[in-house]
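These protein sequences, in sequence, are chains B and E.
Start counting the first sequence at 10; every next residue gets the next number (our numbering).
Start counting the second sequence at 94; every next residue gets the next number (our numbering).
Hints in this document: simulated from the structure, not taken from any laboratory.
Hints may contain errors.
Claimed, not checked - Straight line, CA to CA, 20 Å or less: simulated EDC-like cross-link-like pairs of lysine to aspartate or glutamate:
no.	chain 1	residue 1	chain 2	residue 2
1	B	LYS21	E	GLU378
2	B	LYS18	E	GLU378
3	E	LYS360	B	ASP156
4	E	LYS254	E	ASP288
5	E	LYS286	B	GLU149
6	E	LYS209	E	ASP354
7	E	LYS316	B	ASP121
8	B	LYS62	B	ASP121
9	E	LYS334	B	GLU149
10	B	LYS21	E	ASP354
11	B	LYS51	B	GLU148
12	B	LYS18	E	ASP430
13	E	LYS334	B	ASP121
14	B	LYS41	B	ASP19
15	E	LYS351	E	GLU378
16	E	LYS203	E	ASP244
17	E	LYS351	E	GLU231
18	B	LYS102	B	ASP121
19	B	LYS18	E	GLU96
Here's the letter readout for the chains.
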Amino acid sequence: MQISYEDRKDCKVMTGKMALPNHYFAGRLGSKFIIALRDENKILGVKCEKCDKVFVPPREYCERCMSKLDECWVELSNEGVITNYTVVNYNDKHLPRRAPYILALIKVDGADTPFPHIVEGIDAEDVKTGMKVKAVFAEETTNTIRDLDHFEPV
Amino acid sequence: MAEYFGTAVEDIFNTMEERFLSEGTLDVDVTIGYNISGEGGGNWKVTIKEGTLKVEDADGEVTDCTAVLNANAETFVGVTLGKLDAGEAFSSGNIKVDGDLTVLVAILPKAFKPFKPVIKASAIVESVEERFLPEKAEGVDIKIGYDLSGDGGGQWTVVVKDQTCTLKEVLDDDCTVIMRMEAQVFVDLNQGKLDGGTAFSSGQVKVDGDIGVAGQSASLFEKYVAEGAAEEEGEELISLKCVPSINQRYATGPTMGKWFDGLKEKKFFASKCPQCGRTLVPPREICAQCRVRCNEFVEVGPDATVTLIDVVYYASPDPLTGKIRETPYTALFMVLDGVSRDESFAHDLNPKDIDRIKPGMKVRPVWAEKRMGTYRDLLYFEIAD
C-alpha cells in the first residue's frame with residue numbers, strides 16, 4: 010500500500026460540535042459592577058489611592074502595589090475615548106454581532122484602564138483612536154457586561 | 094398536611110440532613126428531643142455526635158435526651174423561620190425546654206444552616222393573578238398552558254385577555270403556548286437559578302405552540318417572591334451557566350484520512366518509516382525520529398496488548414455531548430499487534446472489564462454497527478478471552 014503526497018483521495022474534512030458546559034461566577038466585585046450597569050446604568054471602577062490608578066472592570070487587588078481595593082469604589086463617566094480598535098470580519102454564533110463589527114478598547118473618563126466593547130453607529134472605515142464615544146445600555150438584562158449594549162460616537 | 098407560614102413541621106426535620114454542618118459539631122455529643130403539639134406535630138429525636146447526625150421519628154415517646162423542646166406546631170415553625178421571636182416564645186411559655194437549655198442555644202446555630210421554606214411550583218402558579226401587571230398587557234390576548242410534572246406540579250391555563258388575568262386548574266386545548274417541564278425546573282426558573290434560554294436549549298423545557306409568546310409572557314407578571322424571602326435577601330451575586338456549542342472542523346489530510354477509512358472497514362492502518370522501520374499508530378506523515386516522509390501503510394491489530402491503564406473517577410463532561418460522563422471510565426493504552434513496542438495507542442475500555450484489566454492483557458476492539466469513518470466507529474476495547 011503506497012500513497013503519494015499529491016494523492017488527495019483520502020483527504021476529508023470532518024465537522025462536529027463541541028459542547029462546553031460553563032459555570033461562570035462573576036465574583037463579588039464583578040457582580041456589583043454588572044448590577045450597577047443593569048440597575049443604574051452606571052460604570053463602576055475601583056481606585057487605588059496609593060498608586061492613584063482607577064481600574065475598570067474592577068479587580069480586588071491593585072496590580073502594582075497589591076493593595077486590597079474591594080471597598081474603593083468610584084463611579085465613572087458613561088463617556089470615554091477609543092484607545093484602540095479592530096474590525097471583526099468573521100461570523101460565529103458565539104460572537105455578539107454579525108460581521109463586520111467594531112470591537113474597540115474604550116477608556117471611560119475617570120478610568121486609567123481601557124476595556125473592550127462594541128462600537129456601533131459608525132462605519133468601520135471611519136473609526137479613529139482618540140474618538141469620543143458614549144455608552145448605550147441594553148433594554149433587557151443578560152446579567153453580563155452586555156447590559157452595557159455598546160458604545161456610540163458622541 | 095398542616096402548614097404554618099407555608100411550611101410544615103415535617104419539612105424542617107426532613108431537611109435537617111441537607112442543612113447539617115458536620116464540621117461545626119466535631120466535639121458535640123447530644124440528643125435533642127422535640128415534642129411538637131397540634132396539627133402536623135409529632136415527636137422527633139435528633140442525635141448529633143462527633144460530626145454525625147441522626148434524625149428519628151420518635152413515635153410518641155422522647156426519652157434519653159440531653160434536652161427536650163416542647164412547643165406547639167405554629168410556634169415551632171414560626172421560630173425556625175424567624176417569623177416569631179424566640180425570646181418571646183420562651184418567656185411567654187410557648188416553648189418550654191426540659192433539660193439543658195444551653196445545649197440548644199450553643200449547638201443548634203453551629204450544627205445547621207438556617208431553614209429556608211421549600212418553594213412549590215403550585216404556589217408560584219397560583220399567585221399569578223396577584224402578580225399580573227395589567228398595564229403591560231394592553232392588546233394581549235393569549236392563553237398560556239403549564240404542564241408541570243413531578244412533586245408540586247400540575248396543569249394550569251393562564252388566560253390573559255382585556256387586561257385581566259384568570260387562572261384555571263386545567264390545561265385548555267386551545268392554548269397559545271404550552272410549556273412542559275419538571276415542577277422543580279419551573280421553580281428554578283422563577284427563582285432565577287436557571288436561565289430560560291439554557292433550560293430550553295438543554296431540553297429541560299418543552300414548548301408547544303408560539304415560542305415567542307413563551308419568551309415574552311414573563312414581562313406580564315411581577316417576579317415571584319417567596320413569603321419572607323425579601324427580608325433576608327443578602328448581597329446579590331451573579332453566576333451564569335451556559336453550554337456554548339462550538340463548531341469544529343477537522344481536515345484529516347491524506348494520512349489520518351487513511352486511518353479513518355480503515356476504521357470504517359474494521360481495520361487499523363499504521364504508517365511505516367522507510368528508514369527505521371517503526372510503525373506509527375495512528376499513522377503520521379513524518380517519522381519524527383528520522384525526519385523522513387512515511388508513505389507506506391501496513392495493516393496492524395486488531396487485537397492489542399495493554400501497556401497502561403488510567404481509571405478516571407472525575408466526572409468530567411464529554412466534550413462531544415456536554416453530558417457528564419459515567420464514572421469510573423478507563424483510558425486504555427495498548428500496543429496493537431504488529432506495531433513497534435513503544436507506539437501505544439489509547440481508547441476506552443468496556444466498563445464491565447474495569448475490575449479485571451491488568452497490564453499485559455490481550456484486548457480486542459468492539460466495533461459500532463454503523464461505522465462512519467470516525468473515532469466513534471470503535472466503541473471500546475474489551476478483554477479477549
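Here's how the hints hold up against the structure:
Simply put, LYS21/B and GLU378/E have alpha-carbon atoms about 15 Å apart, close enough for the 20 Å limit, and the pair holds. Our distance criterion of 20 Å between C-alpha atoms is met by LYS18/B and GLU378/E, whose separation comes to about 15 Å. Proximity of LYS360/E to ASP156/B is assessed by CA-CA distance (about 54 Å); at most 20 Å being required, the pair is judged violated. Of the supplied pair hints, the one linking LYS254/E and ASP288/E is violated, its CA atoms being roughly 27 Å apart against a limit of 20 Å.
Restraint check: the Cα-Cα separation between LYS286/E and GLU149/B comes to about 18 Å, which is no more than 20 Å; the hinted pair holds. At roughly 58 Å between alpha-carbon atoms, LYS209/E and ASP354/E are farther apart than 20 Å, so this suggested pair is violated. At most 20 Å may separate the alpha-carbon atoms for a hinted pair to count; LYS316/E and ASP121/B exceed this at roughly 39 Å. Restraint check for LYS62/B and ASP121/B: satisfied, since their Cα atoms lie roughly 6 Å apart, inside the 20 Å limit.
Distance check on the hinted pair: LYS334/E and GLU149/B sit about 18 Å apart at the alpha-carbon level, within 20 Å; holds. Pair hint LYS21/B plus ASP354/E holds up; C-alpha atoms about 10 Å apart against a cutoff of 20 Å. At roughly 14 Å between alpha-carbon atoms, LYS51/B and GLU148/B fall within 20 Å of each other, so this suggested pair holds. The hinted pair formed by LYS18/B and ASP430/E fails the criterion: a straight-line CA distance of about 27 Å is larger than 20 Å.
At roughly 31 Å between alpha-carbon atoms, LYS334/E and ASP121/B are farther apart than 20 Å, so this suggested pair is violated. With a C-alpha separation of about 55 Å, the suggested pair LYS41/B and ASP19/B falls outside the 20 Å cut-off, and the hint is violated. Of the pairs offered as hints, the one joining LYS351/E and GLU378/E holds, with about 11 Å between alpha carbons and a cut-off of 20 Å not exceeded. In summary, the hint linking LYS203/E to ASP244/E is not supported, as the alpha carbons are separated by about 31 Å, beyond the 20 Å threshold.
Annotation: proposed proximity of LYS351/E to GLU231/E is violated, straight-line Cα distance about 64 Å (limit 20 Å). Pair hint LYS102/B plus ASP121/B does not hold up; C-alpha atoms about 32 Å apart against a cutoff of 20 Å. Between the alpha carbons of LYS18/B and GLU96/E the distance comes to roughly 73 Å, so the proposed pair goes past 20 Å and is violated.
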